[in-house]
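Q: Residues per chain are reported as follows:
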Amino acid sequence: MDLIDILLSATFWAAVLRIASPLIFATMGELICERAGVLNLGIEGIMVAGAFAGWIAVYAGLPLWAGVGCAFLTGVMFGLIHGTLTVPFGLSQHVVGIGLTLLATSATYFAYRVALPEVSSPPRIEAFQPTGWPILGSQTVLTWAALATVAITAWVLYRTPLGLALRAVGENPAAVEAQGLPVHGLRMGAVAVGSGLMAVGGSFLTLSAFNSFFFDMVNGRGWICIALVVFGAWMPGRALLGALLFAGFDAFQVRLQQTELGAGLPYQLFLAMPYLLSILALILMSRRAEVPAALMTPYNKGER
Amino acid sequence: MRLEPVEAPTLARRLGYPAAALAATVVVAALLAAVAGGNPAAVLGQIVDGAVGTKFARLETLNRATPLIFTGLAVAVAFRAKLWNIGAEAQLYLGAVATVLIGTQSGLPGPLVIPAMAAGAVIAGAAMLLGPTLLKTKLGVDEVVTTLLLNFVVLLFVGYLLEGPMKDPMGMGWPKSPSLPKEARLPRIVEGLRLHWGFGLALICAFGVWLVQARTTLGFEMRAVGLNARAARFAGMPVNAVLAKTALISGGLAALAGFSEVAGLKGNLTADISPGFGYTGIVVAMLALLNPLGVVVSALFVAGIFVGADSMSRSAGVPSYIADILLATALLFMVLALMLSRFRVVRG
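Protein chains in written order, with the numbering used here: chain A, 565 to 868; chain B, 6 to 353.
One chain only, chain A, in its complex shape (with noise of 0.2 Å):
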């Protein structure tokens, strides 16, 4: 296979899309709760739960988008224990998110081996079906939600009276608080909501990609989605285009494995390849970026 054909080809650009996915929710997510100033380091953790959460909700029968509901909502109580943490305890953003990916990796492991002791691989569930329409017809209806998070994200933050909170919480909560608006009610909603899009990212894992739940599967794909929001400069519309750009290396490089030039190199290499270009994203960004002015700064009031 030649590498023009790679590009040419349509299941190339459906895997693009899928990759994407869920890095899109997890980045919106993480974007949303940096925006107004916290740091959600809990995310691979997160991400780890919703996917768990979603699945075993399927599998003890309820429907799909009940499946992805259950996500969100472990996701916003994982958020909960985050924001209430950070925002009016003021506790290191760093500390609490390692502490928050710990245990909510080890709380979905824990369940996991609690629900079902016995089996030794994962059960299958009925996952998302390919929609079939005239547009992305093989992606899942879960993609075009993607989609429609980064929508609905820049709308709110750019449009609406509460993005222009929420991004005031993050750049100069003190002016907030003038306005008489609640600094940490924002910034709590905002981890709340930001990390139930994590779970939810994190879902599309096990009810669209695969229709299964596997321990390791995250992999990584929250650091990265740090890694994306630090691309996309904190704006909805560059992540989107940074999560597409990196979902087009990663489908690249599987393929590109199977060319001639790729038999050669080790099989290591590839899959070392996305987070060594997320280090190069976050060096390259690195300089232009505008980081929110009170990112990783809790709030309390009288306090200057």
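Among the hints, a few may not be true.
Stated by the list, open to error - Straight-line Cα separation of at most 25 Å, SDA-like style, residue types lysine to any residue; simulated pairs:
no. : chain 1 : residue 1 : chain 2 : residue 2
1   : A       : Lys865    : B       : Lys172
2   : B       : Lys143    : A       : Lys865
3   : B       : Lys172    : B       : Arg235
4   : B       : Lys143    : A       : Leu841
5   : A       : Lys865    : B       : Ala124
6   : B       : Lys143    : B       : Arg235
7   : B       : Lys87     : A       : Ala845
8   : A       : Lys865    : B       : Ala35
9   : A       : Lys865    : A       : Arg677
10  : B       : Lys143    : A       : Ala845
11  : B       : Lys172    : A       : Leu825
12  : B       : Lys143    : A       : Leu825
13  : B       : Lys143    : A       : Ile847
14  : B       : Lys87     : A       : Leu825
Since the hints were derived computationally from the structure, they do not count as laboratory data. Please read all numbers here as calculations on a predicted model, not as lab measurements.
Given chain A, work out where chain B should sit, using these hints.
A: For chain B alone, kept in the frame of chain A given last:
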């Protein structure tokens, strides 16, 4: 609500909240045991018993604590200077790679090979963290994300080495490195007991780090940079150089965990020598309040929970992941408790 500093916290306040955090963790443990269908009191008892109940269990706990002391120290040193090294896992693996390479390839005579392996490991780990640190100081790239992402890269690199250039030709096809020769193995502390000198080295390192932090200019500068990098810069401290030195020490310490596991315990390198020691080091360091001597105590505590939970899981059937949950909960409760011991929550 808002937070008001407590001028002079009483001893009861400073000890009460952390004690409450530990108590809350025990309550969570009991709840989890009940959820999994076990008898909470029996499960807790079996964890304690599995950790310290027999001589074998106590040695196992000491062995498990050894890499955690190294990674805990690595994290404590870095976090003290607010250098967010989440990459101890990667540094550990590179240290292990260097250890095996020198141990099997150098052909150095007996007494020289072990110091050479340790030095090689330290250099590998230090270089591993220096990269992200320079990216942070020169270009402003957040080191949390780079160190995290590099963990995955290094693990894949080790996988490649073990299936390719470093693969043991006698390994029956398993991805593992050749075994170290006998003179490249760390001796046991007491002959006949399964505890190697890696543990002794870990204690020496803890004391050394304490000495550097408490008694040297560098230690003072590291603390100052961590407390307020801008103020440190105004005071004329070379902040970037201090961070670079911190990175070298932290990366080197984490790499010694890999050295000690390979040369002391396993004798060869596989891709699974660390079940997350690098990440657990964060919990170890935080529970120790970033104090290097405290790291020893908290590593023993954390190792005990892991060893105890493994043994409990075999007999009581409660998944051993309970240990990871408890440590994460303990971490979150503890940071909250430390804050509450210094601040008062006021309405309005």
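Q: Give a verdict on every hint.
A: So, going through the hints one by one against the coordinates:
1. A:Lys865 to B:Lys172: Judged against 25 Å, a Cα distance of about 59 Å means the pair is violated.
2. B:Lys143 to A:Lys865: 34 Å, violated
3. B:Lys172 to B:Arg235: Violated, at about 49 Å.
4. B:Lys143 to A:Leu841: Distance of about 19 Å is within 25 Å: holds.
5. A:Lys865 to B:Ala124: 50 Å, violated
6. B:Lys143 to B:Arg235: Judged against 25 Å, a Cα distance of about 16 Å means the pair holds.
7. B:Lys87 to A:Ala845: Holds, at roughly 24 Å.
8. A:Lys865 to B:Ala35: Given pair A:Lys865, B:Ala35 is violated - Cα atoms ~38 Å apart, limit 25 Å.
9. A:Lys865 to A:Arg677: Given pair A:Lys865, A:Arg677 is violated - Cα atoms ~44 Å apart, limit 25 Å.
10. B:Lys143 to A:Ala845: 16 Å, holds
11. B:Lys172 to A:Leu825: Given pair B:Lys172, A:Leu825 holds - Cα atoms ~24 Å apart, limit 25 Å.
12. B:Lys143 to A:Leu825: 36 Å, violated
13. B:Lys143 to A:Ile847: Holds: B:Lys143 and A:Ile847 sit about 10 Å apart, inside 25 Å.
14. B:Lys87 to A:Leu825: 44 Å, violated
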